[in-house]
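Enquirer: Single-letter residue listing:
There are 2 protein chains.
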Amino acid sequence: MNRRQITGFSNPTVKALRALREKKHRKAAGRFLAEGLRLLTDARENGHLPELLVLSDARDPHPLLGALERDVIASGGEVIETTPDILAKITGKSNPQAVAGVFREFDTSLAALNRDAANIWLVAQALRDPGNLGTMLRTGDAIGAGGLILIDDCADPFSVEAVRASMGAIFTQGVAQARWEEFEPWLREPRGGASPQLVAASLREAVPYRAAPYAAPCFVMVGNESQGLPQAYEAACDLRVTMPMRGRADSLNAAVAAAVLGYEVLACLEDDRSKRGSTVG
Amino acid sequence: MNRRQITGFSNPTVKALRALREKKHRKAAGRFLAEGLRLLTDARENGHLPELLVLSDARDPHPLLGALERDVIASGGEVIETTPDILAKITGKSNPQAVAGVFREFDTSLAALNRDAANIWLVAQALRDPGNLGTMLRTGDAIGAGGLILIDDCADPFSVEAVRASMGAIFTQGVAQARWEEFEPWLREPRGGASPQLVAASLREAVPYRAAPYAAPCFVMVGNESQGLPQAYEAACDLRVTMPMRGRADSLNAAVAAAVLGYEVLACLEDDRSKRGSTVG
Chain A
1 MNRRQITGFS
11 NPTVKALRAL
21 REKKHRKAAG
31 RFLAEGLRLL
41 TDARENGHLP
51 ELLVLSDARD
61 PHPLLGALER
71 DVIASGGEVI
81 ETTPDILAKI
91 TGKSNPQAVA
101 GVFREFDTSL
111 AALNRDAANI
121 WLVAQALRDP
131 GNLGTMLRTG
141 DAIGAGGLIL
151 IDDCADPFSV
161 EAVRASMGAI
171 FTQGVAQARW
181 EEFEPWLREP
191 RGGASPQLVA
201 ASLREAVPYR
211 AAPYAAPCFV
221 MVGNESQGLP
231 QAYEAACDLR
241 VTMPMRGRAD
251 SLNAAVAAAV
261 LGYEVLACLE
271 DDRSKRGSTV
281 G
Chain B
1 MNRRQITGFS
11 NPTVKALRAL
21 REKKHRKAAG
31 RFLAEGLRLL
41 TDARENGHLP
51 ELLVLSDARD
61 PHPLLGALER
71 DVIASGGEVI
81 ETTPDILAKI
91 TGKSNPQAVA
101 GVFREFDTSL
111 AALNRDAANI
121 WLVAQALRDP
131 GNLGTMLRTG
141 DAIGAGGLIL
151 IDDCADPFSV
161 EAVRASMGAI
171 FTQGVAQARW
181 EEFEPWLREP
191 RGGASPQLVA
201 ASLREAVPYR
211 AAPYAAPCFV
221 MVGNESQGLP
231 QAYEAACDLR
241 VTMPMRGRAD
251 SLNAAVAAAV
261 LGYEVLACLE
271 DDRSKRGSTV
281 G
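Chains as they are written, first to last, in my numbering: chain A, 1 to 281; chain B, 1 to 281.
The following block holds chain A by itself, in its conformation from the complex (with noise of 0.2 Å):
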């Protein structure tokens, strides 16, 4: 039976689906929720078939949502129709969106990740708030970045407001979790190709930031919200740069200065590309 609905707020797979929005049972579950036809779309497109998929049974019908079903069906997953209260029960949004699914969390170990298959990618250190993590996620997909690595204890990338505001980008950015003692050997092991250069705004020995040597693969760092990087990460990036900041503050929104730092790079490396392009040609 993979097509069922649920009319009832009691019902233990509500239950079990409501209970997604909170990390232990998404941990214990090894599942996630991603609500809307926009972002289930990417994940399929991206190769990600939710096992369950929730419709509202006052939704309006969308040719996208048909394949969706079709390809949900067709790879052995559910489909369970519901009210829109209960659909707005499970996401924890008064105004929900007409689908919702539940999807297998990720491999996040580095080892998943191909270190050379892009030219930049973002880090993130002890980052708390999932808003922000997902923000990451959603401005790497954007400057064609490989993937976010998150180190210490940062935010659940699986988290509904981190998949939320990834807009998607969970399914298109690789994402790895590792402490410092794990991903700074990762980062340094020789390869074959170009060594790692990691990059971090700092206020200490720094560069500006503005067209500063730059170089692929470039993995942009920023640290906790309120702490900021620990000196020791500072001290083992490759490149310091520095930010003006012509007002009161010393910082900005970590999502922010990744997002400044990370467009600063994407330029200065096609910049770079394209001087090389035309020395050759």
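Simulated from the structure, these hints should not be mistaken for laboratory data. Some hints could be false.
It does not matter which identical chain is used: a pair holds within one copy or between any two.
Lysine-lysine pairs mimicking BS3-like chemistry, simulated, CA-CA at most 25 Å apart [said to hold, decoys possible]:
| # | residue 1 | residue 2 |
| --- | --- | --- |
| 1 | K27 | K15 |
| 2 | K275 | K23 |
| 3 | K27 | K89 |
| 4 | K275 | K89 |
| 5 | K275 | K93 |
Every value quoted in this text rests on a predicted model; they were computed, and no experiment measured them.
Chain B: place on chain A using the hints.
Expert: Same frame as chain A, but now just chain B:
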């Protein structure tokens, strides 16, 4: 009596303070809440003293806290001491800061802004997320913007979330709220100085954002989180710029877009100034 102790959760002052977390009560009272010594010190150093200061009786002594207390009393304000539990109830945070203040809302009419006081301004249209709003204020402070102009129906800049995300910039940046129909004439009115330039990120008839012909005073505008800018507003811009989108998405988080553009404008304007400087000198 400008100093007293509150120990009861049902005290009417506690209820009134707690109510400031809701917009309708803020507007009725014309007051808002800000927490934390750092934020309140920023406020004080920018000439904003709270009318009411709420202190945790479990606080550690701090010279800046002492200075704040003295200034509030001297200006005829009131100081209340209470328990951490009651402070948590007021601010809605489980680990509250040791101090919170109640401030009078500022004048947010366009007339209160001096258009020529800064080279960069941020503009947000129908921005719904108070965290994004606060983050834009924080970024505005960092790039030396004059302030943030909120067009049409935006989140409330005096909400607890916006104030918190601003990290104090609510006290250092100008803030105005206006309909588009008021904003455009205000922007276009000739006043002797350079004509303002209205800039937006756009996918239509846009030039690359990198080193685009930005000119001061430059108004960087971003649109609603899900709808973007209305087409008519984009058409009214003097410059439409496009940012690289290397992934699947065609947009950035609104606060991120404002920051990437804002930093680009800052760099270009300063570059122009140094070039002009070197020509003349």
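Enquirer: Of all the hints given earlier, name the ones this structure violates by number, lowest first.
Expert: 2, 4 and 5
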